[in-house]
Amino acid sequence: MSIFWLRVALAFYGVGLLYALVALTRTSDLLNRVALHAAYLGMVFHLVSLTEGVLFSGHVAIAMAHNSESLLAFLIMSVFMITYLIYNTTSPGIIVFPLVFLLTFMAATRQQPFLNLTPGMRKGWLGAHIALIFIGYAALILSFCASLLYLIQQHSLKSKRSSGILSRLPALEEIDQIGYRSLLLGFPFMTLGLIAGSVVAESVYGRVDLQDPKILLSLLMWAVYLVMVYTRWIAGWRGRKAAVLASVAFAAAVVAWAANYFSTIHRFVSS
Amino acid sequence: MRFQLIGVNHNTAPVEVRERLAIPESRLPEACKKLAEHPGIDEGMILSTCNRVEILANTKNGAGADLRAFLQNYFQLDGVELNKHLYEYNEREAVRHLFRVAASLDSMVVGEPQILGQVKEAYATARAVGAVRAQLDQLVTRAFAVAKRVRTETAVGSSSVSIASVAVELAKKIFGNLHGKHVYLVGAGKMSELAARHLMAHGCASIFVANRTYDRAVSLAYKFQGQAIHFEDLHKTCDRADIVITSTGAPHAIFRREHGELFLTRRKNRPMFFIDIAVPRDVDPAMNKLDGIFVYDIDDLQQAVASHVADRRKEAERAEAIVATEVERFHARILTLDVVPTIVSLQGHLETIRQAEIDRVRGRLGTLSPDQEMAIEALTRGIVNKIMHTPISTLKSAAREPEATTVIDLVRRLFNLQEKRAAKSGGGDND
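Protein chains in written order, with this note's numbering: chain S, 1 to 271; chain B, 1 to 431.
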């Protein structure tokens, strides 16, 4: 049943995605509202699906591991909605909607990989690891969106031509704030998530395998984010330099995510 | 003819004429009352702003009224002199004109928002003294709805069309909220002062003023309750400001790229907005290449204004289309309302004939059984309804056609229904 509700959610996200794409080329408050309502409904069904997943598997940690894409999509949507409530802007939707749709689509159509649970594994720590890391991911993805929007807005202001879609972006400093705040929010979650992960790894293998590609990439991503927070804090880096860093971190995050499929520790695929 | 409108506006009359026709707010209620008492006028409203004076009337029995005479009497003016500035619209054209005025399509700056408020005030005044009651009320409330529709469905009033407001708009695009932002005024000039005033009105916190002559800076700073700064300290202090407006007569740029880099370092890369109104320019264009510094010179601003004006013109075309459909819709409604009394009196007329005929033959028929009574009732009713059917449906369908008034008159004449519309027989309906 969980997968059924997820597909219902997917349908609503699809409507949201479609309208968001149309809204790119046309100015219409109505479209914005339709997309938002579709997203709200999608989130409700999504939550139902996630809850059922938990009930079905009997444990939060296992359910989270099994529905990882779905969970991440839900968290990204949540951060997007929080941003909307605070800043009253749907502009990040240009990137958020396609991303969420893709993640949900992957979760809804694919057989979930099976997590290799070993008896000694600390389920509580595993749950914390996944939840923290994913909140971190969601916040950092939004911060990445914001840094791209910042570049777009900066370019439009410098080129001195403002046309249809661009004129609807939020003000430069607002975009900057969205990005910076989600960066500040996401970083501690990511850090704590990695610590929780290492606790789980120690409990299972007795050590953290630094040669594992996923762990390496995660550390790289974390390091880049650390640099981002630092340069922003000390020198106020924003615009082009910040966007470059954000892109590197985002790329590392995506590869780290994909590393699920060839990592020895994150052996989700049953052998 | 029902609605009539005459007036002058900024296009037809110079300010000397408009000011002679303007009616001050205090005297407007009394003027409205006089208008409603003018011969031939049923309802009336007067709109008097600095750009237009207009008189709108709903005439008694649609017979038409001499609004020019009212103006001449009220202002004691020479008719010939006045006539060449006046425009006059009737019926549909009057409706259209009112809709256009309320939607700010007839304004000097198309899309400016004040006019709707002014029309609303004029309406409230006329209503308060009872000069606007029935049909004019419907017309004017409809005009408000049309104005609102134009505002929400087109972008006719959304873009700024002056240098100062464009500057504010750009600042808002960079900083979002201008609250707590600081402005630096370098040099003096009407336009830069105006821009500064606009920015302050939108919430900027404080202003610094630097000028080659320190006294001038002090007096300007006093005007804005800001802080005067010695010109030599300009580069040392400039990083405190988020928005810099420059308009000096300097032959070379005062702000060069290296200054920009310095400001950015000191400001931890927080963005800065330079508005360069000077010619030759005060800010080196290379500054605009720096991440976080935005430079707009006078040409950029003027270009933005020009493109906004062009946008407005394009949007105004869409707005005109909305007005056109709304005029048709309103006209159709008014006409439908118009046929209703005719239908009612036609029905009443035939019913009277029917009753009279039954009463006339009743004596000859002797006593009737209830069944027979009912049969007679049904028979006569049936005949009357059959006869009425075609005229009524013709009236209803004619309501939407231009010849409606002709059809109404014809029906009234054929059935001799003249008591209520006596004044209307014959002329008056040829526009």
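Because the hints were derived from the structure by calculation, they are not lab data.
Among these hints, one or two may not hold up.
[What the hints assert, rightly or not] Derived pair list, reagent style DSS-like, types lysine-lysine, alpha-carbon separation capped at 25 Å: (1) S:160 <-> B:120; (2) S:158 <-> B:268; (3) B:120 <-> B:33; (4) S:160 <-> B:314; (5) B:33 <-> S:241.
Do the hints match the structure? See the list:
Simply put, residue 160 (chain S) and residue 120 (chain B) have alpha-carbon atoms about 38 Å apart, too far for the 25 Å limit, and the pair is violated. The straight-line distance between the Cα atoms of residue 158 (chain S) and residue 268 (chain B) is roughly 20 Å, inside the 25 Å bound, and the hint therefore holds. For the proposed pair residue 120 (chain B) and residue 33 (chain B), the alpha carbon gap of about 17 Å is at most 25 Å, so the pair holds. Proximity of residue 160 (chain S) to residue 314 (chain B) is assessed by CA-CA distance (about 21 Å); at most 25 Å being required, the pair is judged to hold.
Under the criterion of a C-alpha separation no larger than 25 Å, the hint pairing residue 33 (chain B) with residue 241 (chain S) is inconsistent with the structure, at around 70 Å.
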